[in-house]
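**Q** Sequence:
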Amino acid sequence: VVAVFAGLFVLGAVFAAELKPPEEQSSWFPDDHLYSKAQNWQDDHFAEADTDQVAKVTFVWGLKGMSRNGVNWWDPEDRGKMRYDNTFDPTDAAAQSHILKVCRELRTAECDEELCKPFNKLVRNGEVKCVLEAFDEHLKAQGSAGLPMENRQEFLEKLLLFSNTTETKSVYANTVGFYFDDDCQGNTCVKHPTQDATMNLKFIAIVANATFSSPQAHTLVTPCKKQWEKFQNKWNDDQASPSTANKMFQVSDAWVWALTMQSLVDIVINGMGITFAIAFAVLVFATGNLILSLISIVTIAGIVVTVLGVGCRLIMGWSLDITESIASVILIGFSVDYCVHLAHAYMECAATNRQARMQDSVTTMGISVAAGALTTFMAGVFLFGAVMPFFQKFGFIIVFTVISSFLWAVIFFTCACSIIGPEDKSGDIFVLYERAKAGLGRSTSNQM
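All residue numbers for the sequence shown refer to our numbering, where the first residue is 37 and numbers rise by one.
What the hints contain is simulated information worked out from the structure, not anything from laboratory work.
Please note: incorrect hints may appear among the correct ones.
Said to hold, decoys possible - The list that follows gives simulated cross-link-like pairs (lysine-lysine, BS3-like), each with its CA atoms no further than 25 angstroms apart:
| hint | residue 1 | residue 2 |
| --- | --- | --- |
| 1 | Lys73 | Lys157 |
| 2 | Lys137 | Lys176 |
| 3 | Lys153 | Lys165 |
| 4 | Lys157 | Lys137 |
| 5 | Lys117 | Lys92 |
| 6 | Lys176 | Lys227 |
| 7 | Lys266 | Lys137 |
| 8 | Lys100 | Lys205 |
| 9 | Lys266 | Lys283 |
| 10 | Lys92 | Lys137 |
| 11 | Lys100 | Lys266 |
| 12 | Lys165 | Lys137 |
| 13 | Lys117 | Lys283 |
| 14 | Lys283 | Lys165 |
| 15 | Lys205 | Lys194 |
| 16 | Lys92 | Lys270 |
| 17 | Lys137 | Lys100 |
| 18 | Lys270 | Lys137 |
| 19 | Lys92 | Lys283 |
| 20 | Lys227 | Lys137 |
| 21 | Lys157 | Lys262 |
| 22 | Lys117 | Lys100 |
| 23 | Lys205 | Lys137 |
| 24 | Lys283 | Lys270 |
| 25 | Lys165 | Lys176 |
| 26 | Lys266 | Lys153 |
| 27 | Lys266 | Lys157 |
| 28 | Lys153 | Lys92 |
| 29 | Lys165 | Lys205 |
| 30 | Lys262 | Lys165 |
| 31 | Lys205 | Lys227 |
| 32 | Lys153 | Lys262 |
| 33 | Lys266 | Lys165 |
| 34 | Lys266 | Lys92 |
| 35 | Lys194 | Lys227 |
| 36 | Lys165 | Lys100 |
Go ahead and model the full structure; you've got the sequences and the hints to work with.
**A** In structure tokens:
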């Protein structure tokens, strides 16, 4: 029996190791649901527009990102403090020319990743919102030479007026960062035209439509993200790039989602490590015996790899999605339940030999364990009737965890305890403590 469960453990471990983030975006509704049908019909019959849910990538000059020093991680409103790039100076004519050149080159930048097809470009149909290009056209429409402008103050004054127009606010929102700053010093300061205040030009951004909709699978987004980073580094590292505009960086919600999917793996690993450690501590506290706690923790590990490897991966063919990552952590709690009941009854038995103890444990707690498994099983069965796949998955995981836990606890755990379970006071933590204490005392007296 132990050999059979050992083989099941190995099988589950092999398939559990294959779990990874999904290659396709998960659906919150089944394919035959009205919402899914409407979404698929819209995608098949209507061409995409600029306002569709396409991934947007923003290149920014003038910002360094958020400083997390002193952040209260329990306060969702405390996001940190913005760090600015003090070397950024858009009043420099070379910086203006550089940004305009990046805008032009971005439209034709090539990409051979899966998500870049069929365009084979970083940007879909050249859709780049470049506020300096619009500003340049605005200046030329008014009869001036356009960009670049050598007069720094004139550049700031005209850009401030242009950025406050209704059209600019509508089309190029959040791409020009003028802020009130009465303590402003340097080339990026300008007087407000209608108020007694000083404005400081902190950043300039351009927004591009990528060639894919968001969200997408992590395995597809990550290679595409590297292509965008390659474009960014090319212009930042270019010797011809002016020092006043050579520190741009790019951000996108698509990258955040991909990082979130990758974090699911880290959550599973870290979560399991923490919960296994807590489970072992609980078992030691409940049983007071190291040998029984080790047998129990091996049993729990067998349950976990059976559910994730055999159930989720081998039988259902699932990937490590949100449901599986959550369930992989909480299923350890389900797995502890039956073992700890049988282990506690084993230690409470007045007999000293392992066979008698195990028989008494099963006789005493077997009915309670079976009843608990049945009620939890029935609770999970009702989730199969849910509409959303998330709850259907969760129902399967609960049901399969109950079955696996019951079999591992009632069959493997009892057999293992009948073979190598503690007898009399063997493995008792209090006895081990007294022995260690006595041994330490003798060692100290010998040294004296």
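**Q** Starting from the hint list further up, note which numbers the structure goes against and sort them upward.
**A** 1, 20
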